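Start from the sequences and build out the full structure, keeping to the hints where you can.
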Amino acid sequence: MRRILIDSELEIKAENYSKNLFTGRNANFKTPLDELKKLRDSLQMKHGVQKQYVQKIIDQYQEILKASPEEMRLLITSFQTIAKSDILESKLKTKDKLKFHELIVKAMRYDELRSSEFRQFVSSSGIKTCVYCNSQLAIISEISFYDKKEKKRKPKISAKFELDHYHSKSQYPFLCTSFYNLYPVCGNCNRAKSKLDIRFELYTDDPSKLDVFNFWIDDKTVIDYCLEKTSDSSKLKIHFQSIEGDDELLNEYNKIFGIQGIYDTQNDIAEELVHKAKVYTDAYNKSLVSTFHDLFPDKKILENLILGNYANSSDTFKRPMAKYTQDIAKQLGLI
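In UniProt numbering, the protein residues as written are 1 to 335.
Treat the hints with care, since some could be wrong.
[What the hints assert, rightly or not] Dumping the calculated SDA-like pairs for lysine to any residue here, alpha-carbon to alpha-carbon at most 25 Å:
| id | residue 1 | residue 2 |
| --- | --- | --- |
| 1 | Lys84 | Lys193 |
| 2 | Lys160 | Glu142 |
| 3 | Lys318 | Asn254 |
| 4 | Lys286 | Glu271 |
| 5 | Lys66 | Arg114 |
| 6 | Lys66 | Leu196 |
| 7 | Lys99 | Ser168 |
[As the list claims (entries may be wrong)] Listed next, with one range per pair, are the computed distances between beta-carbon atoms:
| id | residue 1 | residue 2 | range |
| --- | --- | --- | --- |
| 8 | Gly245 | Asp59 | 24 to 32 Å |
| 9 | Glu70 | Leu98 | 25 to 33 Å |
| 10 | Ser115 | Gln260 | 31 to 39 Å |
| 11 | Asn16 | Ile243 | 45 to 53 Å |
| 12 | Tyr146 | Glu70 | 49 to 57 Å |
| 13 | Gly258 | His293 | 40 to 48 Å |
| 14 | Gly245 | Glu71 | 27 to 35 Å |
Just so you know, these hints were derived from the structure itself, not from any lab. It should be emphasised that the depicted structure is a prediction, and the values quoted were computed from it without experimental measurement. All residues carry an ideal CB built from backbone N, CA and C; glycine is no exception.
Okay, structure coming up:
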């Protein structure tokens, strides 16, 4: 929906992630390198290609964990010179339950990462919505419940999101735990994307490439809505478009995630913004800031209050519908 800038702060997080992954586990925990070496040593002579593939993961493990989007593309090219998809999809033995790529994902301890370590990153990142649709929460919830057997309250931490791999686990298993390859998403978007390759990438190092799409409200429908003094919000027409006019990207994104259809159900939010635009004029806003300076020391606080959501685009992933609300509010002159 909107990209995240790879700045120095995020690079430090990626570096710390690669250095500290699983270091908090107990002494009996089998690390990814332990399991990868075990997998390598179990391979027979006839599996020379597979052995070379696993050895390359071992040799470049730290690099793989923190690889930037561009570095991941280079790694993909490098790994594809060793093994193609037919090798990754094959089983080492006829009776094996797991395919080769599944053995790699298992050895790299992806399931352990998903159940524990990556939750900590998402919790500290400020991301609270699905990065694809921005319409559903992607949060860590902490609750306590009464355990009848132990007769005491116990904490329970639950991840209300799923992890999508931008580069799929089946095609690129060596990237299954890479920092920049893991996207917090809702279940619907995760299932919709599945193993598909899409052009939208969440992370970029270009500040001018953060906004990819935007919502806009048809001015004529706003005028008609106001003149008719109707309460039928369905008369307002809101469109979803590619900022750079890339119809191929827009159609792909809409086809997979159904963005236009999702937000067509949210016209009441647009309707509220139309009404607010009439009330919260620049003059009125200035008077509010002047009168209630202690309440609104920062203009952004007032804008958040007016919108009922975050007004700053850098806060898009802190609350559902933020992108939709921001875009329409900007067009209407609310922010």
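Okay, the hints, checked on the actual structure:
Taking the CA atoms of Lys84 and Lys193, the gap is near 22 Å; set against the 25 Å cutoff, the hint holds. Proximity of Lys160 to Glu142 is assessed by CA-CA distance (about 10 Å); at most 25 Å being required, the pair is judged to hold. Our distance criterion of 25 Å between C-alpha atoms is met by Lys318 and Asn254, whose separation comes to about 22 Å. Of the supplied pair hints, the one linking Lys286 and Glu271 holds, its CA atoms being roughly 24 Å apart against a limit of 25 Å.
For the hint pairing Lys66 with Arg114, the CA-to-CA distance comes to about 16 Å; that is within 25 Å, so the pair holds. At roughly 23 Å between alpha-carbon atoms, Lys66 and Leu196 fall within 25 Å of each other, so this suggested pair holds. This hinted pair checks out: Lys99 and Ser168 have alpha carbons roughly 15 Å apart, not beyond 25 Å. At about 43 Å, the CB distance of Gly245 to Asp59 disagrees with the hint of 24 to 32 Å.
Checking the proposed 25 to 33 Å range against Glu70 and Leu98 shows it holds: the Cβ atoms sit about 31 Å from each other. With their beta carbons about 34 Å apart, Ser115 and Gln260 fall inside the hinted range of 31 to 39 Å. Checked against the hint of 45 to 53 Å, the pair Asn16 and Ile243 fails, with Cβ atoms roughly 33 Å apart. Here the CB-CB span from Tyr146 to Glu70 is close to 50 Å, well matched to the stated 49 to 57 Å.
Between Gly258 and His293 the Cβ separation comes to about 44 Å, which falls inside the hinted range of 40 to 48 Å. For Gly245 paired with Glu71, a C-beta distance near 29 Å keeps the hint of 27 to 35 Å intact.
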